[in-house]
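Below are the chains, spelled out letter by letter.
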Amino acid sequence: MSRYLKLVDFEIKRFLKIYLVLVGVTIVSQLLGVIFTSKNYLNLANEMMYKEMLSKETFLQQYGSFSFLQVTQTTWFVGPIALCIVTLLIYVFFIWYRDWFGKNTFIYRLLMLPTARLNVYLAKATTIFLFVLGLVSIQLILLPIENNILQLIIPTDLRTDLATAEIINSFYYLAILFPYSFTEFLIYYGLGFMAVFVVFTSILFERSFRLKGVVLGVLYGGFSLLILFSPVLIDGLILVNFFYPLEIFLLSCLMAVIVTAMSIWLSNYLLKNKIRV
Amino acid sequence: MNIKRYWQSILIIIVILVTISTYYLQSSFASDYLPQFTFTKISGDESHIDGITITADYTEQSLAGMYDRIVIEKDHASFTSDLSFIERLDHYDDRIKNYRKEYRSFMRGKLGIYSFYEDEKSLAYADVKWVYGDYVQPDNGSFVIDVLDKETEQVITSFQYDVPNVEDFHWVSVEDVQLVDRKLNITTRNHPKNYEEEMEIHVYTFDLDNQELISDQELLSIPSTNEGQGWTDVVNLNETDNVEPNNYLVLKKMVMEEVRVPEEEYGEYNERSFYEADEVPYGMEVKENQLFAYNYETNEIEEISLPEELQVLMDAATIRPYNDEIYFITSSEDGLEVTSYHIGSQEIGTKQTFDLAITPELNPFIKINNGKMYVVATNQGDNLQQKETNILVTDIHSGETLYEGKLEIKDPNSNQSDYELYIYEINMKD
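Chains A and B, in that order, are what the protein sequence lines are.
Residues 1 to 277 (my numbering) make up the first sequence, in order.
Residues 1 to 430 (my numbering) make up the second sequence, in order.
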């Protein structure tokens, strides 16, 4: 256990610098986005009301009041989120391959540690989970702060105030990151983490059998998807509408558990017996 | 373990746990801020709206056109977004959900409320199952027929029967199922492959004891549309989602022609969210209107020749068949006028007039159930604040007003003028 925890800490520290840069870029870009978008709107309002002599009511009618929705749709806001997602997706692969690259192959030392080799695999997976959830949390902390900044800049009668949950649920991409209920949060991120386990196993296939392993890895990915969706496929093609929604859901959960367990078991086997350094 | 050495990792974990749990704990209380819907009685007895459910879309203007589906009942209203994940999975018709609870194994593989028929003794199901060979054109289609004895929960009859002349049709869809004395009538809308006809309405009658097709009647057909010749449609005035026994199938055949409509009317038409099934589409004018009644007992169809005073109402009125009568309902500033027409005797029956507290701009929503007529009327003033929704329940035979009330909305978040409510369905729970 403590070996595993030490490995997690070790993996986190290896990527911490880049991770903190990601967090920093997100904070700066989104804060600037709030300030710029709000100021732009305020300038427009001032121009229309003082130069064009529009009354406040006609201005609001023509241009609408300002809400956080106008901020979330900008590149300032979405850009850093996309950057974080792409970086972490790449790191899902790089967290393994970095150990093979370079002069002295680090994986050699990792695998020689006096502990189960599976701990290396689990530690890497845990690191990815913590990084993903960490970024999600940072965004959750940022949203109310940004909302307050907006309220400081825009006067009350020109804005529509939204609660954090309203901001999230009125913007499609945010609603994916922060699902409506905690059950859905567990489902979405649970599926995501299952996918990480499957990809890790595919990577280990490649690292064990190289070119042949690429084929095996892709096949394994397809096979996992097939298992995961088997209840839906059976209900759609063979026994049409036989299962009730709740039954399909529970069967799918069971399949996800099976896929995850299968990935961990296979990876354990590959790391113990087949891995090439 | 040396905490100082691991402080970065520990910090990340604490931040994750605290923020995510705070967010989801907070949002689980958010439902307290949803608007409250209540029926306020104007007159009558509130017990008459006990089982009513009104389905609508609720929009708050401040939320940039975001809307939420809402089901309003007498004592409470539930928003789709307020349901749990599991409840949202099961988004089927209430009756289907109840059948699934009661007849769990019988209901497997069965969807679509239009395929069901229910009386005191039995629950019948009929649908067309298609077999695809090349995934483009169905190779074969057959009726799937299952009848359940509700008391013993035994399947009395279960068989499949090939759709006659199935090769002539692209598609056959079931609209209504009726059981009369061990004979099952299945009303379908067939789309032929030939180019002379667009659609045919059929009734297939099965003998349940011998599991045989007794007859395949083509009730009406629609010729293909050629340019300049107008456009024909046949509308089933029986509610297709009805599962109760029905004596008659009432069909309305309309021949329409394109007309020019001033542009300012176009906007009005577009802004509406609800259209009746028998409503004439935009830019069309009805040239010819015919009403047909098909008797499920005698398996005969006849054209109804309406008396002049009802014939003129054909375009404007809401027409609802119920038992042996057809009800013509019109609304004006004078109130709601209900005229009944008896199909068997071909005579006008009762005429009833009801005062409404508001003047509805569009035809009100009407549902006839168990001898009662439910009317939900909304006036759509220019100013949203004037918009009111009223509900009226009357006894269809005596014409007595049983209940009249007003739907009131209290929103703890925003001011009253901020919302819009688009009603599109009324149902009754038994």
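If you're looking for bench data, these hints aren't it; they were derived computationally from the structure.
Ideal Cβ placement from N, Cα and C applies to all residues, glycine included.
Be careful, since some hints might not be right.
Said to hold, decoys possible - What the simulated footprint calls covered on chain A by chain B, stretch by stretch (three residues with Cβ under 8 Å from a Cβ of chain B suffice, anywhere in the stretch; the number is not a length):
| id | stretch |
| --- | --- |
| 1 | 31 to 44 |
| 2 | 239 to 247 |
| 3 | 261 to 273 |
Said to hold, decoys possible - No more than 25 Å apart at the CA atoms, straight line, and that leaves these computed lysine-lysine pairs for BS3-like:
| id | chain 1 | residue 1 | chain 2 | residue 2 |
| --- | --- | --- | --- | --- |
| 4 | B | K4 | A | K17 |
| 5 | B | K97 | B | K150 |
| 6 | B | K4 | A | K13 |
| 7 | B | K429 | B | K372 |
| 8 | A | K6 | B | K150 |
| 9 | A | K56 | A | K39 |
**Asked** Against which earlier hints does the structure fall short, listed by number upward?
**Response** Result: hints 1, 3 and 8 break, sorted rising.
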